[in-house]
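On the provided structure of chain A, position chains B and C as indicated by the hints.
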Amino acid sequence: MSIGSRIVSGYDPERICIAVIGSHSALQILAGAKREGLCTVLLVREDLAPLYERFPWLYDYMLKLRSWSEIASGTIVEKLRSLNAILVPHAGLVEYVGVERAEKLEVPIHGNRGLFRIEADQHSKMRLLVDAGIPTPRVYGSPEEVDGLVIVKMPGAKGGRGYFLASSPEEVRRGLERAVREGLIRDPREAIIQEYVVGVPAYYHYYASRLYRRVELTGMDIRYESNVDGLRRLPPRFAESLEPSFVVVGNIPMVLRERLLLKVLEYGEAFARTVEQATGLPMMGPYSLESIVTPSLEIRVFEFSGRIVAGTNLYTGMGSPYTWLYWDEPMWPGRRIAREVREAALQGRLEEVVT
Amino acid sequence: MSIGSRIVSGYDPERICIAVIGSHSALQILAGAKREGLCTVLLVREDLAPLYERFPWLYDYMLKLRSWSEIASGTIVEKLRSLNAILVPHAGLVEYVGVERAEKLEVPIHGNRGLFRIEADQHSKMRLLVDAGIPTPRVYGSPEEVDGLVIVKMPGAKGGRGYFLASSPEEVRRGLERAVREGLIRDPREAIIQEYVVGVPAYYHYYASRLYRRVELTGMDIRYESNVDGLRRLPPRFAESLEPSFVVVGNIPMVLRERLLLKVLEYGEAFARTVEQATGLPMMGPYSLESIVTPSLEIRVFEFSGRIVAGTNLYTGMGSPYTWLYWDEPMWPGRRIAREVREAALQGRLEEVVT
Amino acid sequence: MSIGSRIVSGYDPERICIAVIGSHSALQILAGAKREGLCTVLLVREDLAPLYERFPWLYDYMLKLRSWSEIASGTIVEKLRSLNAILVPHAGLVEYVGVERAEKLEVPIHGNRGLFRIEADQHSKMRLLVDAGIPTPRVYGSPEEVDGLVIVKMPGAKGGRGYFLASSPEEVRRGLERAVREGLIRDPREAIIQEYVVGVPAYYHYYASRLYRRVELTGMDIRYESNVDGLRRLPPRFAESLEPSFVVVGNIPMVLRERLLLKVLEYGEAFARTVEQATGLPMMGPYSLESIVTPSLEIRVFEFSGRIVAGTNLYTGMGSPYTWLYWDEPMWPGRRIAREVREAALQGRLEEVVT
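Protein chains in written order, with the UniProt record's numbering: chain A, 1 to 355; chain B, 1 to 355; chain C, 1 to 355.
So here's chain A without its partners, still in its complex pose:
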């Protein structure tokens, strides 16, 4: 019996709800589910509820939590199951309940729950990309090997925090020592030392459909980061004393040269296949590859997200220039998810679109 069959057992396919945690990309997921005519459940911490209460038409049930950790509690799990809820995971899930509890959550998830563990470790993440045959930046085994510009990332660095740049072994060592002193890491080996690829960032959004047996390209974005994207507006004499930071504040839309799209699709498909091999579970739902495009038009992937990225919020309601190649209707990721779940339910194949 597959994990999908076990976890949706007892569910009424005619009364499926889409459940989401109130942050990150919840609004577009709710709006997408409503557009597909599905019931929606919002799990939200009390202090954040007022955002969603301004959009009461987007949810049928709001489950207020005193703390995020309640997501994995028996009461909430039971409630979700009684509502025939399928949870759409975003970055919040693992952040709020931890890898262990996310993996074992007794609620059907539209996504591959085997990826949570891999995503929690920078080294496993990079290995997955390499195994998929996707070009990645060089990873240095130790500060001593550093012979060019590198970016050093602490584990669990989120939203752009916990990074630093360096260009010599000495600089890397000093940065790691500081990170240990500041309690960001306990052992310098927890950090990953990656070649800093010079080029421009581009983030690709995918959707792995089990019903359509394909990986769709649903959009792209560029991150808008504070303060680095503001520093460039300052004359050098003012900017030079300020240290850049890379905290993601928002996203800007983009399209890529058509000649690069084949590679982008192939990398996305190779990723999905490799995830299936690595986890033993099917890949499904939204995910993202995060790349630098070099001047020789190479795509080097330095990061991935095994679930929906916030950059997809750009396409709420309208879809992106890429979704219109697949659909003759506005199809943003939040709606795409609901479409897949709804069609699976209609076809009696719910167990295929969850893990």
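Some clues are possibly wrong.
Note that identical chains are pooled: a pair holds if it fits in a single copy or bridges any two copies.
Okay, derived cross-link-like pairs now, DMTMM-like style, lysine to aspartate or glutamate, Cα gap no bigger than 20 Å in a straight line [as the list claims (entries may be wrong)]:
no. : residue 1 : residue 2
1   : K79       : D131
2   : K263      : E290
3   : K263      : E145
4   : K263      : D47
5   : K125      : D187
6   : K125      : E240
7   : K263      : E46
Simulated from the structure, these hints should not be mistaken for lab results.
For chains B and C alone, kept in the frame of chain A given last:
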């Protein structure tokens, strides 16, 4: 009798026209009114008419002016009233006829005309934001207090002109003396000396609906400024001798991290409430808060526009990722305005949507 | 007999196909033709076919080529004619078959084939702009005249390669000598030495409609270039040793201040008129002017594309904020082309929309 009731007296609610001055955001306002099936009137200076004459389907009446100041003339006012016209004010109105005449214009305005006076003075503007409890950059009382990076703004600085950066009392003084010499100001105290918040700019677009009793978030943008957004493309050895300027040339779309949206909405709502207290008139229609988002995800608002901003032109015809959370149809600000006016007219509540 | 009448002779107006070469903007052109209900033909090199094979619903016929040069072969030309195919040219056509063969291709082209020759030479290109009365950067006759910042462009520089910046006669000479050594040019006089206008880039998309007798503004974009748009994210101490490159990787959407639109439209119209004078053939279809907007809001055009630019890919499926001013339906350039061809066929005027 409310100002609204007085100013629309004699209007035929079944034959309302939307009037707009031909510049800034006129095209999207006209297109929105036509989409809602309303009659439209365009007030335009002869030399600019050729732009709009390329879109004759967007207006029912074009009133050509020899000079902008005719807007406030008896002939035009009478004509507008005879057409049952409601004027949608944008930056052009006060710029072309001045605060006094804009305030007293005997034509219904979809917006709060009490804001014109406040907007004309940098100090009153900042005070309004502070009164609303919205975090703002520190304002320095005199050059002597300056202890970090500051931006000095001349009154009525528009489209990015009349700003300069400085980082010491001496630099501020020198800049102000130059501004006096160049006739930009008569007294250094007319300028405002503001902390330069380091982060990234983000501009939020709102719509205050009286019929729906809510403030809607209609979109966001980043300004595209000449030459500052071009200088960053030059190697430092070429760029260092060029002084940056901040003239707004256009706008780029963006979305913000969902976790920041509650604050953005709360600030927008607090702004609307405070405007009502400060002016004694209801807030209504489009407006904008202009912010820097810091690396710690604080939003610091350094400016506002009490009426539609040109950044909303990004969403003409399609709406933004945020309007689709409220509407199941494309709803850009120009159409939103017309929808409100049309519904108010149908409900016999026209007086509520004008001042 | 016009070139149009001659080249479509024998075509069945009820069975017209839109043909496109598989790269650049093929996806949006195919999607647009399908939206208009037209038959589509894709010409594609075998190794690139897998991209399009992921979208089989977008084409009725895929003609696979072993090499691009087959496009101009008798077999393919005959096949295209037998399918009543009208070719939509993009940058790929001249790049793949050369100017001579593109000019003489015995297949109807929706565009002005007289432009191919002009576009192949930087000096003729700039002369056309000057003849149209469009403000352009100063062109220097020789390195000796250089008295400010200049950009030096090699002939056929594509996608941002083959450019360099300089600010003195000596630097220009050294750069040209290097270009000769590297085989980019044979004679330094093949390069064009252009004033580097300081401001921000903006690319305007037009569509010249013969049926509607007008030039439509269909959108705008900013190019996203590697590595120059990434360098600005590096602290100066890391960036200063890296040479910027300007390879186009993608595009970002923008809108322009409304007060600049009249100029943008006038320049676009003047361009179309001048092309007709210079080539003796009607201007038709998509094209682009590529400009810098200065802080004094002057628009200086430094380049053009006589056919569709890849920046229009931004608007696939949804149209741009500008297309909605003309149409009450989503109208991206790919669809606009098909609409014109379809309407011309229906009206028995096919010969007017091809050369």
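Any hints from earlier that this structure breaks? Give me their numbers in increasing order, please. The structure breaks hints 1, 3, 6; every other hint is satisfied.
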